Amino acid sequence: MIELNPLVIFFAAIFTNNMIFSYFLGMCSFIAVSNEIPTSFGLGQAVTFVLTFTTILNYFIYHNILVPLNLEYLRFIVFIISIAAFVQLLEMIIERYFPNLYYALGIFLPLITVNCAILGVSLFMVIRQYTFLQSVGFAIGSGLGWTLAIVAMAGARKRIRNNKLLKGLEGPGITLIITGLMALAFVGFSGIVQIQ
Amino acid sequence: MAGDSPKKIFKMGLWDDNPVFKQIIGICSSLAVTNLMINSLIMGLGLIFVTALSSLTVSIIRQFTPKHIRMMVQVLIISVYVIIVDIFLKAYLPEMSKALGPYVGLIITNCIIMGRCEGYAQNNPPLPSFLDGIASGLGYTIVLLVIAFIRELFGFGTIFGYRVFGDWWTNWTIMVMPPAAFFILGVIVWWARSKESEEKKEGGAVN
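Protein chains in written order, with the working numbering: chain Z, 1 to 196; chain V, 197 to 403.
Treat the hints with care, as some may be off.
Straight-line Cα separation of at most 25 Å, BS3-like style, residue types lysine-lysine; simulated pairs [as the list claims (entries may be wrong)]:
# : chain 1 : residue 1 : chain 2 : residue 2
1 : V       : K207      : Z       : K167
2 : V       : K391      : Z       : K167
3 : V       : K207      : V       : K391
4 : V       : K207      : Z       : K164
5 : V       : K391      : V       : K203
6 : V       : K204      : V       : K391
Part of the chain Z face toward chain V, derived, beta carbon under 10 Å [claimed, not checked]:
#  : residue
7  : L4
8  : Y23
9  : I31
10 : I56
11 : F60
12 : L66
13 : V67
14 : I80
15 : A117
16 : G120
17 : V126
18 : I127
19 : K167
20 : T175
Only part of the chain Z face toward chain V is listed, based on derived beta-carbon distances under 10 Å [to be verified]:
#  : residue
21 : Y62
22 : N64
23 : L69
24 : R75
25 : I174
26 : I178
27 : L181
28 : M182
Think of the hints as simulated: they come from the structure by calculation, not from any bench.
Since this is a predicted model, take the numbers as computed values, not measurements.
Idealized CB from N, CA, C, for every residue including glycine.
Produce the complete structure using the sequences and hints provided.
See below:
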């Protein structure tokens with residue numbers, strides 16, 4: 001495996017290997033919540049935050065607990081528990097000490113536990129055998145890439161709201177097709193850098 | 197709801213409540229594996245296995261599960277079955293396990309399974325829950341296979357790895373790339389929704 005600079009991974013995760021446009025992760029909330037720009041931005045921030053910290057947490061759990069004990073096959077169960085526990089803890093802390101932030105992000109936090117992107121990044125980290133810094137770069141980049149995608153989508157949907165659409169195409173149908181067009185645009189970045 | 201006949205359960209899973217194009221859930225993993233039909237088939241079978249058995253388990257222990265920790269219990273049950281699928285693939289189909297990569301693990305966060313456990317198995321006896329899991333899984337697999345069929349046919353000129361088109365065929369690279377999956381799913385959703393509104397007009401569906 002070639003040693004990649006964490007910064008390279010960071011940019012690749014935003015542009016060439018975007019969570020939504022090339023891995024299809026986090027699609028459920030992407031389609032359901034991308035109606036308003038501020039809401040989408042809030043969700044994006046929450047996802048980036050949780051993604052970064054759970055990846056760091058899972059990195060330590062995997063390399064310091066599971067690998068020494070030869071329990072790698074338990075990683076799915078352990079990762080999902082640590083993500084759920086972290087989100088729960090975060091919710092309590094934010095509610096107690098940062099009420100304003102809680103009103104802004106609070107409603108999204110429960111949604112995040114089942115966001116595929118969070119678990120996906122942890123699993124990619126294991127499969128690609130990233131070092132600690134590479135994992136951090138990958139996690140932050142993925143989160144920002146996801147935010148970029150959902151905010152762009154909310155902007156596009158805002159524009160088409162007043163236009164008349166075919167009956168069956170409203171809602172998810174047109175969202176998927178717009179996503180396809182955006183993904184096509186992001187394919188243009190793929191020459192810059194490629195991570196595997 | 198307790199006495200749903202198998203026929204009705206299958207009709208719900210395959211069409212009326214098809215998880216992918218009616219409820220738009222579980223598509224995170226549904227698109228990534230659709231570049232080849234064989235990947236989709238294995239993924240679909242894995243999902244049917246996990247959905248059916250976790251619905252069954254959730255339903256069997258539903259009386260003993262305290263209400264407020266049921267989500268956690270469900271996630272743990274699902275994870276156990278996903279680990280079984282993962283180990284099985286690694287042992288018998290190592291190539292496939294590599295190709296699917298993290299998407300096997302992501303079955304855990306696939307909303308279809310949670311949705312069925314929470315929405316159906318929690319309030320229904322074991323056997324209907326088991327069938328309901330199979331039906332939802334089948335509905336998902338069929339959509340997956342349709343998308344994969346189009347992508348593999350035009351992208352590689354093959355079906356399940358067998359060459360269908362001759363040497364004259366030029367592969368459409370776009371079909372192999374992610375955007376094609378979005379377009380195809382978008383069109384399928386479009387078709388299913390307009391079909392649904394037609395049914396509604398005729399007074400057929402009451403949903």
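Right, here's what the structure says about each hint:
The hinted pair formed by K207 of chain V and K167 of chain Z meets the criterion: a straight-line CA distance of about 24 Å does not exceed 25 Å. With a CA separation close to 10 Å, the supplied pair K391 of chain V and K167 of chain Z stays within the 25 Å bound. For a cut-off of 25 Å, the pair hint linking K207 of chain V to K391 of chain V stands: about 16 Å separates their Cα positions. For a cut-off of 25 Å, the pair hint linking K207 of chain V to K164 of chain Z is broken: about 32 Å separates their Cα positions.
The hinted pair formed by K391 of chain V and K203 of chain V meets the criterion: a straight-line CA distance of about 21 Å does not exceed 25 Å. Between the alpha carbons of K204 of chain V and K391 of chain V the distance comes to roughly 20 Å, so the proposed pair stays at or under 25 Å and holds. Contact between L4 of chain Z and chain V, as hinted, is not supported at the beta carbon level, the nearest pair being about 18 Å apart and thus beyond 10 Å. Satisfaction of the interface hint for Y23 of chain Z is found here, the shortest Cβ-Cβ separation to chain V being roughly 6 Å, below the 10 Å cut-off.
Residue-level restraint check for I31 of chain Z holds (minimum Cβ-Cβ distance to chain V is 6 Å; threshold 10 Å). Taken as an interface hint, I56 of chain Z does not check out: its beta carbon lies about 18 Å from the nearest beta carbon of chain V, beyond 10 Å. Using the Cβ-Cβ criterion of 10 Å, the hint placing F60 of chain Z at the interface with chain V is not satisfied: the shortest such distance is roughly 19 Å. Residue-level restraint check for L66 of chain Z is violated (minimum Cβ-Cβ distance to chain V is 13 Å; threshold 10 Å).
Checking V67 of chain Z against chain V: minimum C-beta separation of about 17 Å lies over 10 Å; hint violated. The interface hint given for I80 of chain Z holds, since its Cβ lies 6 Å from the closest Cβ of chain V, which is under the 10 Å cut-off. The criterion of a C-beta within 10 Å of any C-beta in chain V is met by A117 of chain Z, whose closest approach is roughly 8 Å, and the hint holds. Hint status for G120 of chain Z: holds, given a least beta-carbon distance of 6 Å to chain V, under 10 Å.
Satisfaction of the interface hint for V126 of chain Z is found here, the shortest Cβ-Cβ separation to chain V being roughly 8 Å, below the 10 Å cut-off. With a least beta-carbon distance of about 6 Å to chain V, the hint placing I127 of chain Z at the interface is held under the 10 Å criterion. Interface hint status for K167 of chain Z: upheld, as the beta-carbon distance to the closest one in chain V is roughly 5 Å, under 10 Å. Proximity of T175 of chain Z to chain V holds as hinted, the smallest CB-CB distance being about 8 Å (cut-off 10 Å).
Interface restraint check: Y62 of chain Z against chain V, minimum CB-CB distance 13 Å, threshold 10 Å, status violated. At its closest, the beta carbon of N64 of chain Z sits 20 Å from a beta carbon of chain V; the interface hint therefore is violated under the 10 Å criterion. With a least beta-carbon distance of about 16 Å to chain V, the hint placing L69 of chain Z at the interface is violated under the 10 Å criterion. For the restraint placing R75 of chain Z at the interface with chain V, the shortest Cβ-Cβ distance is roughly 8 Å, inside the 10 Å limit, so the hint holds.
Contact between I174 of chain Z and chain V, as hinted, is supported at the beta carbon level, the nearest pair being about 7 Å apart and thus within 10 Å. Look at I178 of chain Z: its Cβ gets to within about 8 Å of chain V, closer than 10 Å, so that hint holds up. Interface hint status for L181 of chain Z: upheld, as the beta-carbon distance to the closest one in chain V is roughly 7 Å, under 10 Å. Given the 10 Å rule on beta carbons, the hint for M182 of chain Z holds: about 8 Å separates it from the nearest Cβ of chain V.
Consistency with the previously given hints fails for numbers 4, 7, 10, 11, 12, 13, 21, 22, 23, ordered from lowest to highest.
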